[in-house]
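Residue numbers (my numbering), protein chains in the order written: chain A, 1 to 803; chain B, 804 to 849.
Watch out, some of these pointers could steer you wrong.
Cβ pair distances, simulated, as ranges [as the list claims (entries may be wrong)]:
#, chain 1, residue 1, chain 2, residue 2, range
1, A, Asp82, B, Leu809, 54 to 62 angstroms
2, A, Arg324, B, Gly832, 32 to 40 angstroms
3, A, Ala437, B, Leu810, 40 to 48 angstroms
4, B, Leu837, A, Val255, 37 to 45 angstroms
Example chain B residues on the side facing chain A (calculated, C-beta under 8 angstroms, incomplete) [what the hints assert, rightly or not]:
#, residue
5, Met804
6, Leu813
7, Ser814
8, Leu815
9, Val822
What the hints contain is simulated information worked out from the structure, not anything from laboratory work.
None of these values were measured; they are calculated from a predicted model.
Built from N, CA and C at the ideal position, the CB exists for glycine as well.
This is what each chain is made of:
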Amino acid sequence: MNAMTELAACYHCGEPAVEGPRWQANVAGQMRTMCCPGCAAAAQAIADAGLADYYDTRSGFATPATESDTPALQLYDELGLDGGAVFTVEGLRCAACVWLIERRVAALPGVQSAVLNVATERLHLRWEPAVCRPSIVIAALRGIGYTAYPYDATRHGAQLERARKALLRRLFVAGLAMMQVMMYAVPVYLATDGTMDADMTALMGWASFLLTLPAVSYCAWPFLRGAWLDLRRGLPGMDVPVALGILAAFIGSAVSLVQGQGQVYFDSITMFVFLLLGSRWLELDARRKAARALEGLQDAAPATALRLPGWPASREPETIAADRLRPGDVILVPPGQTVAADGVILEGRTEADLALLTGESRTRAVGPGEQLPGGAVNVVQAVTLRVESCAADSTLAMLVRLSERAGQDKPKLAQWADRVGAWFVLVLLLLTAAVFAFWHAVDQARAWPAAVAVLVVSCPCALSLATPTALAAALERLLRHGVLAVKPHVLETLERATHVVFDKTGTLTRGRPLLRDTVALGVLDEIECLRIAAALEAGSAHPLALALREAVDACGAGTLVAQDVDTVVGQGMEGEVAGRRYRLGSAAFVAELTGVGAPLGAAPGTSAVWLGSGERWLARFDLVDALRPEAPALVQELQARGKTVLLLSGDDDDAVRAVAAELGIRDARGRRLPQDKLDAVRALQSQGAVVAMVGDGINDAAVLSGADVSFAMGQGAQLAQLHADCVLLDAGDAGLAPLGEAVRTASACVRVIRQNLGWAMLYNLVAIPAAASGLLNPWLSGLGMAGSSALVVLNALRLRGDR
Amino acid sequence: MEALYLLIPLSLILVAYAVWIFFGAADSGQFEDLDGPALRILNDDD
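Excised from the complex, chain A in its bound form (with noise of 0.2 angstroms):
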């Protein structure tokens, strides 16, 4: 504990305090050192509510807690949630917080019972309608510094819930089989002739035949059912062969069994079996990771809508839930939201993205009287719309889609996979009929031994096995390092990208400005300028205003008070501190005040603010968009791997150079409008270049659709995410980090699939020809098939690195 305050860590979180003690809470009687506002509350918070023993027995720091504005939380009592619901917790950190978070919950009044399920993040809560409702717990949750929000089933992933708790059953039986036959199995394989009697062999062919039973028809069954579906449309995948070889083995070692001689493979079959659902396990974990990151991305706030209620008379807007929205009702649809449900246009021209509902790739054009649909994404400015039809489902149904496009689509890697199935299955066959005809010809007892010891040692394991372990097991390690890959092909198209492009603003920089440089013109000091110039801006939302307050906080100096402070649209302020009239803004706004021309011109590279009063210039202030911290390590590391790095933005062309400079890139374009984005990504496309985007904004949304495979900051624009494959999710500051991951990543999973495959066709080279001359042993071959499926799976799984 002394040494956290010696660093001034922040006691909650462990992020460093830089602003020294200014946040304080009172922690069992000792005044802690915090690094936010937040976490101070969040810290008094728990302390007062008596559980300060959470910092006692802790084993890692929490999440920082955010001082969130809390949005309309009774909105959330409006879901029709009473009595009990699931409620999606994000934070969780070590065994403290889970007692922490059922303590407070459990502490509200009207709270029946709170239990957090660790494993999927999820609290389990009953209370009381009449004393308790969603808004308060999740009030409580944000106050110790927990995100929550109500988990709806029937929108994430109930159907993956189902399909697991089915494959876990298959999974356990199959494994209990595999290791009871493989009991069965040994003695035989060990006895030495005549040592064990013919009745003793056929006990244990039998026991080892009835385990087998159940793990043919039951645990055996999805890959039964996917081969005869495949064969049914005529498209033989990747489960004919696992299927054929599965079957040939069990009835071929039936057959033995009944005859009384002959060999018995169903050590291998049920190994193999297990090896599979193993398999699925893995892969369905790394969906349902997928899908509860993609759930948090989309923090499960009801959709909403900014009704009019007043309109025409009042544009007062009040935020109520989509699902409230009756037909007739009129609302406003802000650039970048998407219609909360279907309506005619009032008011307002502006461009219509209609790819998730029609494919669409291109926006449409809309304007009064006309009609969008609900789930179409405003793309230019406000509009108001009347409802047309309470679709409230048509958000949900946007929703939705999105949520299940991850991990739909096959990859086209394992679509090939499928394609080499049939191939596979195919020579197969030929080459069993052909040990067939040729056993049979020379020595007709042998002829079926033969066929069936083909059959079953042709294992397709590095294609059925390997390549979805390898698939699953690398998701699941870019999930862990921050990339949300929502349509798998990320991996193997990102690996053989040849030119990465990324946007500017918001994608290499913050995208958001700050200021770098005060210079004083006049008598005034720069602080005194500075806290001049936040005065004026007090009660701006602009970007540039943010930056200037922020910059006034940060060097502590106390505030003044503006008044009559008028704004100009884009221009700048004009207000009184102090008895004096002063204006901020561009030089020419400025000018007017002051009457003469600016002393000195603007930085290049930046965006220069002026603050001017009566006839003198006061300041200039230099803001710029800072470079992402991560971002010149990631531009290196993408050209040491021989992918070109392009630099692609809307931005003037001055700011554009100087942060390409900056990097080294040397292919750096500015002032592209989105259609000119998509071109060159086109024109690189056309040279047979495989290209791969990084962006963030609404303008972005048409090239990260265009290009072969793209990233989406995880905050950025929600359209921009829509049109991407993969989402950087923001855990932290990670900012750009985790791209670098997923090149990483994805280079070493191309080549971990390639040595499986590799291998596997060794081996099978080695122990088709080795069984169509009857050589091997039951006992060899099982092991040759058991010891080539697990080598494979051991290796994919190498993908997940280190935890």
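Got chain A; can you put chain B on it based on the hints?
Chain B only, in chain A's frame:
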């Protein structure tokens, strides 16, 4: 060796019994949260 004629059928019954127990445990939700109990045991509700 004759003991095996009893032991092997017995082992089959044992496997069936294990499966039955496992299905029961799965139905009662014991595999829903594999991490929580390990953490929860550390904090006694004193």
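The hints, checked one at a time:
no.: 1; hint: A:Asp82 - B:Leu809: 54 to 62 angstroms; in the structure: 59 angstroms, holds
no.: 2; hint: A:Arg324 - B:Gly832: 32 to 40 angstroms; in the structure: 35 angstroms, holds
no.: 3; hint: A:Ala437 - B:Leu810: 40 to 48 angstroms; in the structure: 44 angstroms, holds
no.: 4; hint: B:Leu837 - A:Val255: 37 to 45 angstroms; in the structure: 42 angstroms, holds
no.: 5; hint: Met804; in the structure: 7 angstroms, holds
no.: 6; hint: Leu813; in the structure: 10 angstroms, violated
no.: 7; hint: Ser814; in the structure: 7 angstroms, holds
no.: 8; hint: Leu815; in the structure: 6 angstroms, holds
no.: 9; hint: Val822; in the structure: 6 angstroms, holds
The structure fails to meet hint 6 from the earlier list, while all remaining hints are met.
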